[in-house]
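Q: All chains should be built: construct the whole structure from the sequences, respecting the hints.
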Amino acid sequence: MWLAAAGYIFATDPVTFQSGDTQTSLIELFTSEGCSSCPPAEKWISNLKSNPDLWKKVVPVAFHVDYWDHLGWRDRFSKPQFTERQRRYAAAWGGDSIYTPGFVLNGREWRGWFGGPAWPAASEKVGALRVTLNNGVNLTAEFSSQTAQPRALTLNVALLGNDLQSDVARGENAGRKLRHDFVVLEFAKTDMAAGGNARTGSVTLSQEFGGDKATALAAWVTATDTSAPIQATGGWLTPTK
1 MWLAAAGYIF
11 ATDPVTFQSG
21 DTQTSLIELF
31 TSEGCSSCPP
41 AEKWISNLKS
51 NPDLWKKVVP
61 VAFHVDYWDH
71 LGWRDRFSKP
81 QFTERQRRYA
91 AAWGGDSIYT
101 PGFVLNGREW
111 RGWFGGPAWP
121 AASEKVGALR
131 VTLNNGVNLT
141 AEFSSQTAQP
151 RALTLNVALL
161 GNDLQSDVAR
171 GENAGRKLRH
181 DFVVLEFAKT
191 DMAAGGNART
201 GSVTLSQEFG
211 GDKATALAAW
221 VTATDTSAPI
231 QATGGWLTPT
241 K
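Residue 78 in the numbering used here sits at position 78 of the sequence shown, and the numbers go up by one each step.
Be aware that a few hints might be false.
[Unchecked claim] Listed next, the in silico DSS-like pairs over lysine-lysine satisfying Cα-Cα at most 25 Å (straight line):
id	residue 1	residue 2
1	Lys213	Lys79
2	Lys57	Lys189
3	Lys56	Lys125
4	Lys213	Lys189
5	Lys189	Lys125
6	Lys213	Lys56
7	Lys43	Lys57
8	Lys177	Lys213
9	Lys177	Lys56
10	Lys177	Lys79
11	Lys49	Lys177
The hints are simulated quantities; they were obtained by calculation from the structure and are not laboratory data.
Fair warning: this is a prediction, and the values are worked out from it, not measured in the lab.
A: Next up, the structure:
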């Protein structure tokens with residue numbers, strides 16, 4: 001059971017999010033507070049908060065990388081594992097470099113965000129992903145599909161922070177107040193077990209982020225780290241501004 005009121009969900013109760021059968025697009029932004037070119041991209045992804053397709057047709061996540069941290073300002077949201085994730089994407093595409101801001105749409109490099117708010121709509125029916133979060137930390141998932149799927153599937157889960165701010169004192173963005181949405185605060189993944197037409201998986205999350213609280217959740221299913229997401233879902237855990 002999940003409860004909704006005034007446009008938000010009570011995180012103390014079990015929370016369930018479920019996709020439809022048609023593929024929901026996953027948009028990943030690789031960004032950094034140390035990059036002066038990143039604020040426009042962050043504004044673009046923040047605008048998805050008011051998009052009616054949010055969580056229904058698109059799930060956004062922002063991974064903060066750490067390769068800008070040595071240039072005068074350490075991004076408090078950055079993690080080496082997020083940089084490595086971007087490197088694996090670049091290797092899968094046959095590239096030899098990574099950059100920010102960098103968008104990935106359904107596992108592929110995407111530069112179309114320059115053209116406005118739209119992204120290529122997905123239309124393939126792939127099956128439904130249902131996730132339930134209990135006690136704010138225990139997540140279970142079931143992916144049901146009538147179509148053939150890879151032998152091994154991975155469940156990916158991200159707790160996201162929104163309406164976060166940083167007063168940057170050094171580096172390329174010195175003197176600026178940066179605002180962030182859909183920031184990946186915690187990322188976990190696990191193998192899914194097969195059973196008939198369904199795959200199931202579960203993860204335990206820590207939710208220990210100091211003053212930065214998770215306000216949304218994103219989950220998606222993949223065959224490998226760099227393969228296109230098969231299905232995604234997510235939603236708000238707390239009120240949005």
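Q: With the threshold set at 25 Å, check whether the alpha-carbon distance from Lys57 to Lys189 stays at or below it.
A: holds, 22 Å
Q: Is it true that the CA of Lys213 sits at most 25 Å from the CA of Lys56?
A: holds, 23 Å
Q: Does the structure keep Lys213 and Lys189 at a Cα separation of 25 Å or less?
A: Status holds; Cα separation ~20 Å.
Q: Is the hinted pair Lys56 and Lys125 satisfied, with a Cα-Cα distance of at most 25 Å?
A: Holds - the C-alpha atoms of Lys125 and Lys56 are around 14 Å apart, at most 25 Å.
Q: Between the alpha carbons of Lys177 and Lys79, is the straight-line distance 25 Å or under?
A: holds, 21 Å
Q: Going straight from one Cα to the other, do Lys43 and Lys57 come out at no more than 25 Å?
A: Measuring from Cα to Cα gives roughly 19 Å; hence the hint holds.
Q: With a cut-off of 25 Å on the C-alpha distance, tell me whether Lys49 and Lys177 pass.
A: holds, 20 Å
Q: Checking one constraint from the list: CA of Lys213 to CA of Lys79, max 25 Å. Satisfied?
A: holds, 17 Å
Q: Please verify whether Lys177 and Lys56 have alpha carbons no more than 25 Å apart.
A: violated, 31 Å
Q: Lys177 and Lys213 were given as a pair; does the straight-line alpha-carbon distance stay at or below 25 Å?
A: Holds, at roughly 19 Å.
Q: Take a quick look at whether Lys189 and Lys125 sit within 25 Å of each other, Cα to Cα.
A: Holds, because 24 Å separates the two Cα atoms, which is no more than 25 Å.
In the structure shown, a violation is registered for the earlier hint numbered 9 alone.
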